[in-house]
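Generate coordinates for the entire structure from the input sequences, incorporating the hints supplied.
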Amino acid sequence: MSRSILRTIAIPLAAVVFGLLIGVVLILSQNASPATAYTALVVGGLGDADALLRTLQKATPLIFGGLAVAVAFKAGMFNIGGQGQLLVGAVFAAAVGFGIDGLPMVIHLPAALVAGAIAGAIWGGIAGALKATTGAHEVIVTIMLNFVAGNLTDWLSANPWKDNSGNNIVARTPLVEDSATIPTLGAVPVGFLLAVVVAVACWLVLERTTYGFEVRSVGHNRNAAQYSGIKVGWIMASTMAVAGMLAGLGGAVESLGVDGRFEAGVNVGLGFEGITIALLARANPLGVIPAALLVGLMEAGASRMQFKAGVAPELIDVIQALILFFVAAPIIIRWVLRMREDNSEQLRLGAGWGQS
Amino acid sequence: MSEVLLAAHNVTKQFPGVLANDDVSVQLRPGRILALLGENGAGKSTLVNILFGMYRPDSGDVIIKNEVVDLHGPDDAISRGIGMVHQHFQLVPPMRVVENIVLGAEPSKRGLVDLEEARNRVVELSGRYGLEIDPDALVEDLPVGMQQRVEILKALYRDADVLILDEPTGVLTPQEADHLLSVLRELTATGLGIVFITHKLREVLAIADDIVVLRNGRVVGETKPAETNESGLAEMMVGRSVVLRVEKSVAQPGDVVLAVDELEVNDDRGQIAVDRLSFEVREGEILGVAGVEGNGQRELVEAITGLRHPMAGTMRIDGEEVTNGSAREISKKGVAHIPEDREKHGVVAVYSIAENSVLNRYHRSPFSIRGVLRRDVIERHAQEVVDEFDVRTPSIAVAASSLSGGNKQKLIVGREFSDDIKLLIAAQPTRGIDIGAIEFIHRRILEQRDKGAAVLLVSAELDEILGLSDRIAVLYDGKLMDVLDAQDADRERVGLLMAGITK
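Chains as they are written, first to last, in the working numbering: chain A, 1 to 356; chain B, 1001 to 1503.
Warning: the hint list may mix true and false statements.
Unchecked claim - List time: in silico PhoX-like cross-link candidates among lysine-lysine, alpha-carbon distance up to 20 Å:
hint: 1; chain 1: B; residue 1: Lys1344; chain 2: A; residue 2: Lys231
hint: 2; chain 1: B; residue 1: Lys1224; chain 2: B; residue 2: Lys1200
hint: 3; chain 1: B; residue 1: Lys1451; chain 2: B; residue 2: Lys1332
hint: 4; chain 1: A; residue 1: Lys231; chain 2: B; residue 2: Lys1332
hint: 5; chain 1: A; residue 1: Lys231; chain 2: B; residue 2: Lys1333
hint: 6; chain 1: B; residue 1: Lys1333; chain 2: B; residue 2: Lys1451
Bear in mind the hints are in silico, worked out from the structure with no lab data behind them.
As structure tokens, then:
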């Protein structure tokens, strides 16, 4: 068992090492010290309570975004729509958060979270339902829905739900009520704990329930799933809705726990990073947690690295891209490490391209 | 006549984990037909792929016309006079026969294809070898037997002295197959040498001059038709004596289980594939559906098992209408289904044997309770299936993809047979698996019949249909030609019906 786990994480681990090693070369090319830079990166992400809080805050939406992609992957679909699902989740959670007054926290906060989750579920579910009924490819539909979500949330936060306090001219909602704000326990934001719980729940559902069995069957062999009596269309639609719900929850946690409101343009890109996370985690919901922590740490420590070592913070993006590259092209790592092809459940990028 | 047209000399080829060819030597002389016989995975395909330049041997030599050659690809082999007719035709269906034949070696005039010249040469060629064909017909309009002829002409057009045919009779009716064999015999009169790959013993005995039997990558026997017989060959192939025909008792048909009435089903392109079919299957009998592949069998099976919606007509199981029932509703009625394509429908390759063993029952108690899978129960069940159906595997935790075809099929059969079956739909239940597993699965199917199940057996192997069925329905172009009692059916009669000929 431990050997198979080792084999499963070997590729992502090696990808991280390779990415950091190439990062050394890039740092040297900027006449900076790799040791100083990487030390600063780690201290900036883990050095004290503030740093840890930053890392966990950065990791939280990445976990949700990563799950949104990983869960869809399990059903054989590529969810590029995490961004849009996250945005609608963020804006609707914020709307419930600032729009209702006088509720106790035990009702208000869950209500706001659920609003975000439902909004995301609808957004993802549209793509899944279209796939199931018309065969419309989820990649295309989710990409288009990203644009719709972007414009919709811009408009909502600039018009009906705009923050009209003072001289505000920014497209943003008012701050959410205290009763809808996600608290922090010491250095640990409750949103992060929620993300971890949700990730574990996703894993349990996928691996231990009949629904998860159906999802995985559809993902691995749609024909065999149909043969065994699984309603393939329903599984595709519902899985995409769950994926959207996860991204929507991520957006809700951003609005209610980090930003305190929805502001247009603030969350851009977060949904896309979910793809990186899911790949790094090899679509395993539990793997999403360390993958998100790693990327969260790098992002949290980037500014300290810039400050201490004089390295451009974009370096972190480059290293992330390199890691992603090595994960997506494991053949390079296998060649370097002389590893044999493994038989574990493989992630196939672009699975379903060219099919209906 | 000491010339050797084509030979493999001590050829060894290793693939990861398999020694596909182990010190194999074969030899083909002009005017002779060499039959390569062996089960799936015995190394026949690897050997001909080496002879045709697709693979290079790890050691050993390929000899063409008394000369050791180093083939760098099929082009190399073709230019040296080796022609190959693949099991799956390599034709361009919307193009004309003449265009297909010259494709890749077109005669040209000032940089343009000289179709006139091409046509003349094709006509001359087909006249010379007695392979009549309409050079202007579209390939897609030709019956399969004619398409095969185009493939043969394609090789002859490239001046082949050697023809390699990979399972050439698999897609033909018995009569077409017999005709092909006589055509091949005539071709050898011109000095052509033929390598003939098959797993059908009857054909080997009918056509071959020399027989080479492969098992596990090695040559285990060389013989001639006069020196052996079917069971001798089967024994060589398998390595032990085998029962070619399972003993079966007389059927005791009971009530009608499956009643199909005026059923009409479309194929994926929306064409009528099953054309107003009516038949019944009773408990305790096997109704065999014979027919050349692609005559509506797949669509019929998919409609009965709920995987495809019929356009018209009705189906009843035990008198209850199930015409538009889902796959699950139909399976709940006690219907088991051995699908024709085990890789596509039968197993989830990356799933463990345990997971595959509950593909049709994971949602039921005791395998899951309130939506939660019970792994211990599932694993116990998988172990039972593996033990009872002799699935050869190191453990139930390994992925189904690591099983051989025969063991995968036994896993599927074991899974489907774990309940009391009212109706068994067995589609190509022994395709591409070894003789031992075939014997095993045939016995299990008969066992189900004797326990009272109604069995619908769909197979492209006429021997299987004739060996197991109590009644035989012949399908041609989606229509039911006739239903015969097994004792009235023989190869000749069924073969004609398979070709759509009712006398």
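The hints, checked one at a time:
A hinted pair counts as satisfied when its Cα atoms are at most 20 Å apart, and B/Lys1344 with A/Lys231 qualifies at roughly 17 Å. Taking the CA atoms of B/Lys1224 and B/Lys1200, the gap is about 15 Å. The hint holds against a cut of 20 Å. Restraint check for B/Lys1451 and B/Lys1332: the C-alpha separation of about 19 Å stays at or below 20 Å, so the hint holds. For the given pair, A/Lys231 sits about 15 Å from B/Lys1332 by alpha-carbon distance, which is consistent with the 20 Å threshold.
With a CA separation close to 18 Å, the supplied pair A/Lys231 and B/Lys1333 stays within the 20 Å bound. The suggested pairing of B/Lys1333 with B/Lys1451 holds, with an alpha-carbon distance near 17 Å, which does not exceed 20 Å.
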